[in-house]
Every structure is written in C-alpha cells, then in structure tokens.
Amino acid sequence: MSRVVVIGAGIAGLTAAIRLARAGLAVTLVSKGVGGLQLSQGTVDVFGYDPVRVTHPLEALDVRAAADPKHPYASIGREAVESGVAYLADLVGPDLLVGDPAANLNLPTAVGAVRPTCLAQPSMLAGACVDGASFVIVGLRRLKDFPAHLIAANLARTVLPDGGRLQARHLVIDVPARDGEIDSSGLTYARAFDDPGFRKRFAAALLPLLTHGDSVGLPAVLGLHDLQAWRKLSDALGHPVFEIPLPPPAVPGLRLNETLLTAARTAGVRLVQGNRVVSARVTEGRVAAVTVAQAGAAREYPAEAFVLASGGFESGALAMDSYGTLTETIFGLPLAGQDAGELVHGDYWGAQQPLFAVGVGVEASMRPVDAAGAPVYPNLYAAGGILAGAYRWSEKSGEGIAVGSAVKAADAIVRELA
Amino acid sequence: MTSDGLEFAGHQFARASLDHCVKCTICETACPVAAVTPLFTGPKFVGPQAERFRNGESVDHSLDYCSSCGTCTLVCPQGVQIAELNSQARAVMKSDHMPVRDQLISRTTLMGMAMTPVAPLANAALHVKPIRTVVEKVFGIHRDAPMPTARTQTLHGWLKKRPAPKKAPTRGTVVFFHGCAGGYFEVETSKKSIEVLEHLGYRVIVPKQGCCGLAQQSNGLFDAATASVLQLCDDLRSAGKGLTIVSSSGSCTGMLKHEAHEIMGVTDDRLKDVAVRIRDMMEFLRDLHEAGELPTDFRPIEMTVPYHAPCQLKSQGMGQPAVEVLRLIPGLTVVESGATCCGIAGTYGLKKEKYEIAQAVGKPLFDMVKATNPDLALCDTETCRWQIAQSSGVPTEHPIWMIHRAYGLS
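Protein chains in written order, with this note's numbering: chain A, -18 to 399; chain B, 24 to 433.
Calculated directly from the structure, the hints in this document are not laboratory data. Just so you know, these numbers come straight off a predicted model, no measurement behind them. Cβ coordinates follow ideal geometry from the N, Cα and C atoms, glycine included. Please note that a few of the clues may not be correct.
[Said to hold, decoys possible] Here are the simulated DSS-like pairs of lysine-lysine, each with C-alpha atoms no more than 30 Å apart in a straight line:
hint: 1; chain 1: B; residue 1: 295; chain 2: B; residue 2: 231
hint: 2; chain 1: B; residue 1: 386; chain 2: B; residue 2: 117
hint: 3; chain 1: B; residue 1: 386; chain 2: A; residue 2: 181
hint: 4; chain 1: B; residue 1: 46; chain 2: B; residue 2: 117
hint: 5; chain 1: A; residue 1: 125; chain 2: B; residue 2: 46
hint: 6; chain 1: A; residue 1: 181; chain 2: A; residue 2: 125
hint: 7; chain 1: B; residue 1: 386; chain 2: A; residue 2: 213
hint: 8; chain 1: B; residue 1: 152; chain 2: B; residue 2: 189
hint: 9; chain 1: B; residue 1: 264; chain 2: B; residue 2: 189
[To be verified] Chain B regions said to be covered by chain A (calculated; three or more residues, Cβ under 8 Å):
hint: 10; segment: 42 to 54
hint: 11; segment: 92 to 99
hint: 12; segment: 275 to 284
hint: 13; segment: 327 to 340
[Unchecked claim] Incomplete in silico selection of chain B near chain A, CB under 8 Å:
hint: 14; residue: 61
hint: 15; residue: 301
hint: 16; residue: 359
Please put together the full structure from these sequences, using the hints given.
Listed below in structure tokens is the structure:
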C-alpha cells in the first residue's frame, strides 16, 4: 500500500511525487491522462508581470505576498519558491533548464512578443532580447505554426525591456521532415532533428542564406530525445541558434514532461494513468481513500496523506454549473475567491475575470482551509493550479506557484509521516 | 448502417465526449502509429476533429491505419474517448466492404480448433515460405507476420487428464478465464496460472468457454463480436454467482471490462456482472499483496529481464501490476520497456499493408528487449508476445511463468 496518493500528473503533481518518493515514502500518482506540463513552453515562470514587467521575480513575489495575503505566494513564501525552482532545475539538469531565479530572461514568442520567464531551456538562451542583438528568424515552409515574418517584424519594431533595440529579418526554407507530408507538426520535425542525417541536410540548406553575425531563431523543434541536437546544429552552422516555443504539440514541454516522468519512475513512484479520481472516503475526519473510476469496477486507493494537484477549470478539477455554482470536483472543498463580485463580467478585453482566481485557500503547510482558516482535513494537501488567488497566465506565475507549493506540501508530509 | 452495434457506433456516448476535446494534441504526441508513418494523420485528426464532419460516412480514410491500441484514450487528460470513436467510425466505414481476410483472422477459436489436431503439420506449414507467400497473396496476411504455435493438447485436454491438485483449497473458489489463445496456443500460460492459484489455496473452476470477440470487434464485426462476448459471459457466469474471475489473457480481460461496453455499446447486465468481477492475473496477485495476503516465500531468481506492458493492459487503468509483483522476487531485476506499443495491436500487424508500420512501431521495443536480455522477455498478452518473440528473436513469456518458477512450481 502507498503511504501517499498524489492526484494529478502536471508539474505540481510530478514534483511532489518525486520529492516524496525520494524521501523514502511509497507514493502512488493517479491521473486521468498526461498532465498539462507537456503543453507548456518548457520554461519556468516565477513572476513575469505585477502588472508591469518584473525584472527580479523573487523580490517581486515577496512584495506581492506582503500586499496580497490571498495570493498563493503569501502562503507559499519566497523560500519555498526558491527551493522548488532549484529542486526542479536539479531534477532535470542543466541540459534542460538553466537560469537564475533572481532575474528574469526576456525571450521571443511565436508572435514576436518579448516574454519574461525565469528558467529556460539552454536551446533558447541565444534568443535573449537585449540591445544590439541581431536575429534571423527562420521559418519552415511545411510547419504552419511559426510565422517567421510576423515574428521578425514585431521584434524589430519593439523597444526592448532594457530600453534598446534589436535587428531581425526573416527567411523561410523548405526541408521536408518526412516524404509525402506537406503539413508536418512540430513533433514530426523534432523527431527529424534527432537524426544526424536530417540535421546535415537542414544545415546545408540554411547555411548559404546566413550572414556573419546572425543569431538564428528557429521554431522549438530542434530534437525531441537528443537534448544536444540544437547544439550540434549550431556547431554545423557556425552561428548561435535559439528555439522559439510553438503552440502545442510543444516540444520543449514534452522534453520536460518526459524527463520528469522518467525521474518519477526511477524514484519508484507508482504511476496509475487513465482514471479520473471521482470521490473520497472520509473516516473520523481524515481522508482514508480516494476512489478512481477504473475500467470494470471502481477502485479505492487508501493512504495516510493525499496531495491534490488536479489543476483548475481546464482539467475539470473545478467546475461551474449552469446556476453559477462552483465545485471542487473530488473532495467538495470550500472554494476561496467567490466573493469578488461578478465572477464573469462581459468586458472581455478589460479587467480580469475573477472566476479564474477561484480555487482552494491553503495554510502554511498547503492544507486546504475552510472559511475560518482551519484545515479541512489534517492529511489533505494541495499544490499547483488548484490554489486560489492568482491569474497565472497574465502574471506568469504558474510554474513558480506549482513547484513552490509542491515542495512545501511534500516536506510537510515527510515531516508528518516520518 | 445495418445493425444495433453499428447504429450505436457514431451516435452514443463516445460521441458525447467529443466536445471535451480542447485540441491539446496530447493524443497526437503519444500515438505510436502517427510517429512512424504519414499514412495515418493522427488520433485527433481522424477522431474528435473528423467526427464533426461525419454524417455516417468518414471523410478521411486514413482512419483505417489506426491500430486501435487505445493509447490516445489513455493519455487524454479530458476524458475524450478517442480510440473508441475511431474504432466505431472505422466499423461504419468498412461495413459495406468487409475484407474476407478481416473476417477470417478474427475467428480465433476456429483457428485453434482447426490447428490443434494437426499441430505439427500446421506449425510446419506456417514456416514454409511458399505457403506463406500464397497466403499473403490470397488473404493479405503478411508472410513474415507472427503466427501462434499450435499445441498437441488443449488446456481442456490437459485438465481432463491431470491428477487432482495435491493441496486442498483453503481460500475459496475462483473462476479461470483463459481466452482462445490460452485454450489452444498459450496452454502453458493457462496451466501455470491455474497451478499458481491452486498453490495459493484457491479452488479453480475452468468452465467451458468461447471467444470474447475482441478480434472481431477490432476488425469492425460488431454483431458477431457482441454475440461472442455475451455467450462468453454466460459461460463464465455458469461457474457460480459472485465468484472472482481471474484471467491470464490481458486483452480479452479488457474487452470484458470496458471495450464491449464502450466501443460496441453492449449494456447487457450479464456483461456488467462479469466486468466488475474479472481481474487480470497479475492484478489479482497485486491486490492480494496489497491486502497482505500474498505469500512472498519466493525462490531467488538472479536475472535481469525486460517487461513490456501491453497497450490493452495499460488501457485498463490499473498501473503495472506485473512489475509490482515481479519485483517481490529476490534477485530479479525487472526493466520496464518504456515503449508505447509492440505494433501488433491484435491483428493489425498481420495485415500485409500494415506489417511494415507495425514493425516500425515496435522497433524501439525490440531493440530494448534484445539489449536487456537476449534470452527472455515478459509481456502479459498473447499476440504481443508472439510479435516480440518473432521480431526480436527473444523468447517471450507471460509474467506468471516467473511467479510459477519463484514459487518452486517449475
């Protein structure tokens, strides 16, 4: 029997499960399917906008936590975020994540905006948008999600966060990822870039079009399993190369997800995929087991502690019915943030929709609390997207909240069960 | 559309899951077939996407290249029944031109019944190249595709002749479901499963039983498959009310647990009754262990062995019970394959137009198996074992063989 059950296989669930297993606890991770991490850009946001662009995310989150006690960072705290980010970086290693949590990077997006993020994949670093940079953005004729012209033109007309400017032009080349396919996905290209023969053909087609001093911006498809593929391409071209993340299938997100799943398996986490957790059994005020809707017959997973890392509305962890009633769908936990007036207002280009900050409130050990601030169950913890109080996509705080809360919850459980 | 099964296909609850699709592409990234061929446009394309344009008829015929491995449904975080939708749409698409080949290869019991009396002859014939070439030309079954080895004795033949079990039952009664392959071809796996259950103290009833209809279902023959699965439910129910049913045939267990219901819309109470009672062999042992009721006095086996969890087992959503139980054997190092699929997907990899794709799908697995232990691999389902053994050259057994050995029974 497992001592801890983690619900959800996103970045929060995986991080918590690995940390618990490495501390010697038997852990089961249950999930409906693959977690949301592989849909991400494969970078780690800690704090990007508050609401103006943030340069030093750790300092900024401290300020925010002090000003806004309902924000997840107020209960997680700077120390846990630092430790969570360092833990994740260490888990996946410098071939996959680099950067300094004290300072944000500014990297180009697939529409040519300049996005602040904290840790990035090493294959992205040469795309840092700093004064005097000179980029050539290279599109692929058969990959439709990478508008090279738009990206280059937007970057070239943008005043950068450091006040400077960069130069950018664009090129489009046609090197098929595989025969007979006119509309290839980024993933198909990434698999092709794993192949040295393809990289050679690609470099041969691109090299004559480059000029001295160009840093080459490419869609983030430079290898799926070979984490050095981008470096080898850069060596073959004799130019710095950088990846710009695409919409899903997002290859950098896939790399991170695969690496964390492998780490979870290696740590001995029991992975049970394919089932939705549908309910919980509570005995004497404690969560005794969760029930999953397994093929054939429902099955209970008992444990001593539980981590709810099930996400938010997007994953079905939170639901709103046609009367506007909000529910946390497994435990029926009390939800914070419902008192913010009209939860969905009609001004879709205007202020935030308060609905998206609804979630569970937690205390310092990451246990969900009731309206009075008391833990609902002594052995239930929450991490990641389910936490109330943040607009993750506009703040760019999703991964920081996830790893900070995951590490804090895991450590509290280790202390409790030791 | 002519029948209840096909009427259901495309209109019932798999279709209702369609609107849960957020187009995240997770299924596309996990699909083992789309990864190796541009002939299949991917589960999202032919599934939730194309379904919106279907009015009975499929617009995208690349659907036929889906192997029905079920990986897309397993990985979908939104609960869209992608594999089910695609299986249904394919059945409808093929309904007016069902190849003779597909009708033939889905009759597993018939093959076993025909081959057992002439086992040495049948086995020899399957290895004669000119014969296989003719079979490929006439029926479209690839000449190099794996074929089962016929046995001279069926499981029921053995059961009739063997002496009564030495140990008196101490734990009550279970029903054993062996599937067609376990009755005719994988007879040793069935014997070993029964012997392990008896060793644990169970009385094992093996009722006369037919085919679950899985191969017919995956080939789109829904009427025949529905009749088969319900007949099987009657067979299994005849052994006694409320008894746990244990099976060493992983894919047939999946058919009974969920596929007959979710793909063909079988809502019969007899199926429901069997579905809640049936356990995969290794799942049953894992559950005993979880309950503290599995003796772990295993003999040490000093060996490193690759284990591949078949798609049909993964889609039952129970984790990897075989790995958990095997790891209780001292000295045994079990290496998970990490591979999505072996390629065969029941009868997919037998077909001449799909053989190369199936081989490409399974290649990372074959390489991994060879590199891990050239003498033995473990896998829970029959056709996957035949595929791995044929394509890697590594003998492949059901995990119960290892448990049988570790209990000192062989």
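Status of the hints after comparison with the structure:
no. : hint            : verdict
1   : B:295 <-> B:231 : 20 Å, holds
2   : B:386 <-> B:117 : 29 Å, holds
3   : B:386 <-> A:181 : 24 Å, holds
4   : B:46 <-> B:117  : 27 Å, holds
5   : A:125 <-> B:46  : 16 Å, holds
6   : A:181 <-> A:125 : 22 Å, holds
7   : B:386 <-> A:213 : 26 Å, holds
8   : B:152 <-> B:189 : 46 Å, violated
9   : B:264 <-> B:189 : 26 Å, holds
10  : 42 to 54        : holds (count 7)
11  : 92 to 99        : holds (count 4)
12  : 275 to 284      : holds (count 4)
13  : 327 to 340      : holds (count 4)
14  : 61              : 4 Å, holds
15  : 301             : 6 Å, holds
16  : 359             : 7 Å, holds
Hint check: a violation occurs at hint 8 only; the rest are consistent with the structure.
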